[in-house]
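Participant: Each protein sequence line maps, in turn, to chains X and V.
Each residue of the first sequence is one higher than the one before, counting from 1 in my numbering.
Each residue of the second sequence is one higher than the one before, counting from 1 in my numbering.
Since the hints were derived computationally from the structure, they do not count as laboratory data.
Incorrect hints may appear among the rest.
[What the hints assert, rightly or not] Below, a list of computed lysine-lysine pairs in the DSBU-like style, where the Cα atoms sit at most 35 Å apart:
| no. | chain 1 | residue 1 | chain 2 | residue 2 |
| --- | --- | --- | --- | --- |
| 1 | V | Lys63 | X | Lys172 |
| 2 | V | Lys63 | X | Lys19 |
| 3 | X | Lys148 | X | Lys74 |
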Amino acid sequence: MVSLKEEYIEMNKLEYGQKYPLLNWVSAGEAEKSTRTREKIIGSLPATAQFGSLNTKLFTRSLPPGCQLCARGKWSCLFINGICNARCFYCPTAQPSRGEPTTNTIRFPSPDDYLDYIEKLKFTGVSISGGEPFLTFDRTIRFVSTIKRRFGNGIYLWLYTNGITVTRDKLKALTDAGLDEIRFNISANHYEVDKVKLAVDLVETVTVEVPAIPEDYELLKPTMTRLEEIGVKFLNLHQLRCTPYNCDNLIRRGYTLLHGPKATVMESELTALRLLRHASEHNIRLPVNYCSFAYKNRFETAAYRQRFAPFVCKPFKDITEAGTIRRMSITGQPEHVDHVVKLLTESNCNRNSWRFKREKYRLTLAQSLWKYVDIDRFSLFLSYYIAKLASAPCSGTPLRKSISTEGRHWW
Amino acid sequence: MVEKKTVIDEREIVANKAALLQYLADSSVYKDASGNSPGRHSPKSQFPSSTDFEDIRELERIKPELQEYY
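Taking the hints into account, I'd like the entire structure generated from these sequences.
Facilitator: This is the structure in structure tokens:
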């Protein structure tokens, strides 16, 4: 049996191919030492620090409204374009062209189509990201105003920017269109706060959201105080993530990489936690939130799965907390299987909650009916599925072990 | 638009069947095709100790705590 750790290491090797040996993967000794360092930092956090989302998210004071929606799986992120005017060393992807607004691989050239999507899936939060949304400002404002015209306060709407082309007039147009929050990545522009200050006067909530860059630790400490002084409401710190696109830059910086579903930068997490401790110890009132990759990967993925699973989960299957669709089937001696079928029938169990394939003597049951099965008499089979959105019919993209696929139209 | 389902795991469970089923029952969420936020059972049972089911745990529940360093 391959452990998850081994599986992740193999996945990382596959993703980086020939570059894998060039990357600075953590050694056992370094991992042990850094784990102790992390525990020490977390252990020294004052009572104002909070642990959310199964201890994967650490923050002081409170979370931005958008982050609260994210943690509850109520948020859709629309990538409004694919171009950017900043050249950040950590950017995970190329930004080659304007492209079309996209979310979950589905293109939304028209705001109206996106409205239907939001409505159907009952999102209560939308963020507009990119690329850089200000580089296609007309498009951005069209989406913001259309969304807010339809949903009003029913949708909390925020926008990400590097701030470089932000102007007072554009900020005013966005707030007039209904924008609730703007988030600046000031690391893309030498931690300049002029545009942030401009936004504080115009937008209800101004957040600064930057990756935790180890080399910028000393710079970020006074920046936190400065942000508090000018009226920024929240600071979000992300964990740096390695991708095949940015890995050369990360190699040059000598970062230590951690194995996982995606490779992450160990020093980035320790930097974020140290900044959190600094904010707590120095009574900085600006709420600081560490958005770890562990949180993003697990909770955002689970939220995605849970959102789409109900549309395809048949009544004789179940949806798990992780958002997978689980099928539990049993086979066994025909007389034993027949006995369970008889029991289900006589007990007036919902006929949709179980399915019997007589040719295989295979009975599939929803969890609510498992109490009718004496499991020791049967062979037990478990299958897991992930519901995914696709823009066109296809035979499926296997994520782990591809055995078979089945698809269906749902709108 | 099209919804597709992808099988990511399929296996026969041989050992600890009853304990595993109890754990699975506790981590099921209610089906709700209307899109309303589904409720879920309060997980009570412990995961069966066998490491054979380590990946099942990740398919059932969200893993807690920050990522282990390795």
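Participant: Run the distance test for Lys63 (chain V) versus Lys172 (chain X): straight-line Cα separation, threshold 35 Å.
Facilitator: Distance of about 42 Å is beyond 35 Å: violated.
Participant: Straight-line Cα separation of Lys63 (chain V) and Lys19 (chain X) no greater than 35 Å?
Facilitator: Status holds; Cα separation ~29 Å.
Participant: Is it true that the CA of Lys148 (chain X) sits at most 35 Å from the CA of Lys74 (chain X)?
Facilitator: This hinted pair holds, its Cα atoms lying about 16 Å apart.
Checked against the numbered hints above, the structure violates only hint 1.
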